[in-house]
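We have chain A already, so just place chain B on it with the hints.
Heads up: the sequence lines are chains A and B, in that order. Take 2 as the starting number for the first sequence in the working numbering and just add one per residue. Take 166 as the starting number for the second sequence in the working numbering and just add one per residue.
What the hints contain is simulated information worked out from the structure, not anything from laboratory work. For clarity, every value in this text was computed on a predicted model and none was experimentally measured.
Which chain B residues stay away from chain A? Per the calculated CB distances, all over 12 Å, these:
1) Lys212
2) Ser213
3) Arg215
4) Gly216
5) Lys217
6) Gln245
Distance condition first, Cα-Cα at most 16 Å in a straight line; then the derived EDC-like pairs of lysine to aspartate or glutamate:
7) Lys449/A to Glu242/B
8) Lys885/A to Glu197/B
9) Lys217/B to Glu252/B
10) Lys890/A to Glu198/B
11) Lys436/A to Asp447/A
Every residue, glycine too, gets a C-beta built ideally from N, C-alpha and C.
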Amino acid sequence: MSQPFRLNKEGLINRNKKISFTFNGKKLFGYEGDTIASALIANGIHLVGRSFKYHRPRGFFGAGVEEPNAKLQVEFNGHSEPNVNATEMELVEGLSATSQNCWPSVNFDIGAINNFLKMFFPAGFYYKTFMWPKSFWYKIYEPFIRKAAGLGVASIEKDKERYEHKFEYCDLLVTGSGPSGLSSAYAAAKNGAKVILAEDKPRFGGTLLTDDVSIDNLSGKDWAEKIISELKSMPNVTVKNRSQVFGYYDHNMLVMFERVSDHLEKKSKFTPRQRLWYIRAKETILSTGSIERPIVFGNNDTPGIFLSAAAKEYMKVYGVLVGKKPLIFTNNDSAYETALEFKKNNVEPIILDTREEHSSELIDEAKSKGIDIRFSHGVIVANGYKKVKSAKIGKLNKDKNSFEKIETVECDCICVSGFWTPSVHLASQSGNKLKYEEKIDAFIPDKKKQHETSVGAANGSFTLEESLKNGFENGSNLSAKITDTKTEIAIPNVNEKKYGAHDKFWCMPLPKNENPKRFVDFQNDVSVSDIEIALREGYRSIEHVKRYTTLGMATDQGRTSNLNGLQLVSNIENKIVPEVGHTTFRPPFTPITIGTIVGREVGMEYLPTRKTPMHEWHEKNNAVFVDAGAWKRPRYYKEGNETLFEASKREAKNVRENVGICDVTTLGKIDIKGPDAAEFLNRVYTNAWMKLPIGKARYGLMLREDGIVMDDGTTTRISENHYHMTTTTAQAANVLSHLEYYLQIVWPELNVNVVSTTEQWAGAAIAGPKSRDMLSKLYPDLDVSNEALPFMGYKEAEFFGVPSRIFRISFSGELAYEINVKSDHGMFMWEKMMEVGKEFGNQPYGTEALSTLRIEMGHVAGPELDGRTIPSDVSLNGLVSKKKDFIGKNSLGREAFNVESRQKIVGLIPIDRKSSIPEGSHIVQDQNAKLPNPKLGHVSSSCWSVENNNPFSLAIMKDGKNMIGKKFFAVSPLKNKSIEVEVISSHYVDPEGKRVRS
Amino acid sequence: MLYIKCPYCGLRAQKEFSYGGDATVKRPNINEEVSTEDWDNFVYMRKSPRGKHVELWQHIAGCRQWIKVQRDTATHEIFQTAKVTEEIR
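Pulled out of the complex, with its shape left as it was, chain A reads as follows (with noise of 0.2 Å):
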């Protein structure tokens, strides 16, 4: 039970509460507090996972965000997911992690032997190699890189856990919590803004839990700690923790990933897993800090190399030691903090400095206290192939390109340290140009594109007194600005150490005769060698060396390769940095789950449902339900053990011989009103609308500009300067879009008002011969007789004591109404009609009947009106007047819609009058023809004639008028049919129209 590296005192982590875990399958334990990687860190495991590439042992390199390496498949929860960061995910008793990209083992993988034959993987190998022959890539190379290639396994459970989405607006938005944050956000607060301060970690503070700093003072822990409490006090301002800001978009906008309750072992079942914040800010300050970037040597991916500021880290915040035997391997003053930090906890650490020898306030305080410094050092190779057991070192010449000497060294980890690289990935997504800073050999954000401001190590500020400085006049001026308020605030008194200048050193040299890798991009596997044959092979632009080799395109997203990388290729090419650039920062900063993203909407609230106010009764009534936009629609109302063919074949037969009803209240309906409404409707519809008389309906034909049908659907004048249109399902929202667009755009002149007025009513077909006998049972004070009420006859009556609109137009090609009552009188009216109705027959039938009922009567509907024809395709040309000029009118016009041939509605029967033709059917004149087969058409509809007991499609055909009575075939490769059909006319079923009119 005991854990070797755990310090006895230092750390920030619960000492009192003990948390078991299991990796690679061994029961171990931690501390509330810890990191999956500081509790392995405390147990001596470093060998973690295998290379992407390679399959090299990896261990830890860093202790954040930064962390290169360590992604693990994680099961906690009930949830198992890959590629999690073991130095992000927080300990929860009973998870459990283990390895990716290896097999058998994390400590025997096979895959290892592609280290020895990295010869034969260099970058680009995918490229060159998977080329030929062609035939091998669906059998073998696409199952063996499928394999070989990615890293954990995504779950195929469905994902119980709740996430959120959340909308917040703000004054200002400061993301992360270090000195500059920190400073910001109160300086903000103090004026009255409203601020969000967002941590990506547990902890507040950033490097001030780790550097050894005062401010007025208190330590920089403790003063952390002093302002977010006063700031968490304030109502003005929300901080909040776990909480990554990982995307900069337009105006503004950000996004914010929150691990809710990831790090809780128990939690209500409501509390989310995760939150996504959309976050408006008016301004934001990015204080995203800085990441230490590594010098590149020999074998440096050998577990047991970390960051300096990351070994640190792991002494200060959780009390462990990242090795007994440190080498310190630095080009800066900052590792002697880590150098220092080991030596107060008893380790002697060796410092290797690139630099030549000379003197700084920490190099004096290392010397003072004893340490072992070594200047013009550096390591050229670790030895040891799971853990590092000693290392090559060497002593630099003046021009740091060969040695004067080398010898091994014996250590159990080397902290490296080259320097700092300001985060700009936020800066940057915003659309800010960064520029390149000499000085610190980094890119730091330029001219602002958004309302963003980059201020201390983000902006590459790294003293804490001048990011303190930074922070509070930026929080200060840029809230002022908002909030009209500024309250004068005492900059701290800092005591910080001074740092002398760092070496622009990043790449140690190799010795003649030796070869080993020196890794850029650790994830990817990204070694000198493969950027410089990407070079060699003629790559110029950065973005396509990253493209080639992978450079920095892992999910750590090059956080510690990108200037390394561009070092490397300007060095080659003999460019200065700027001149080679930077490549394109993309969010999500971090990766996040897909969970967040979806949210809410998933299952049933993936859309909203739709339910008209008969649902209920439909459901009680065993309706097998159709989606139709967001709307709940009955298909059928299954009998028995009735198929979807049998049920709505006796529903369609019910409404041909007897009387159906059908619930259509989804139309869309519209509501039109004005005094320039009939002259309105007459420039929409393609046929003429000036003399339709009050209590008269109307079939309506609208184009759009180019001459395409768009929808159709009836009109009926209730009054002298009011109209209620109806429209297709589909095409509701579009339509009324479409009257908005002409009437405020385009005619304003004419005073018309339009609104949808669809949830507003319920509808109820009633169709069959038996329709009329019906309907006078519930209205038996109306005359209903067909003089009173002929067809597109309307009237308003009361329907059982319910004001109720009565429209005679039929859809089903029988004679036929559809009333329409408020919804809230919805079921009352479908109740009562079912009651009515029984003497008569009365069925309800669903979708699928109704379809048939129109496809048989040559009724055109959704299939036909499919964005590709015009009126006279789908033989409605009489609809269009010759007379009046209206909306698309002056496409129809063009000559590809006049041709002789052009494509018309035909109807289809199969020649054996039993097979059924798959819609979607392709239209051959010879079905074993060559391909490819010339179509002629196609099949929009088809169904079961119940009129006539036989199979009958609707086509869309070429030359259509002509092809009346040949032969063709239908077929469908989809469904492996070929049908032989015959060409009919496409009113099938009462070519008179007498029916409706009966």
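Chain B alone, transformed into the frame defined by chain A:
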């Protein structure tokens, strides 16, 4: 996500709007003769400028008004919004 100032409702998220194309296109007058070329230009031909562009948007999940938005097509910066009856200079 864009932040669009509806002249009727104020600043609202892009989610509430739907895009409606070039606002400078003018439909030929109804009931008037129009040349084939003018008609074709109206129906089919659109400029796709890089930079400032006046477009139509409809506040579909709000007041349902069509509005004019002057936007930079490259940077998405919005310079001005107006009612459709107003001019954008």
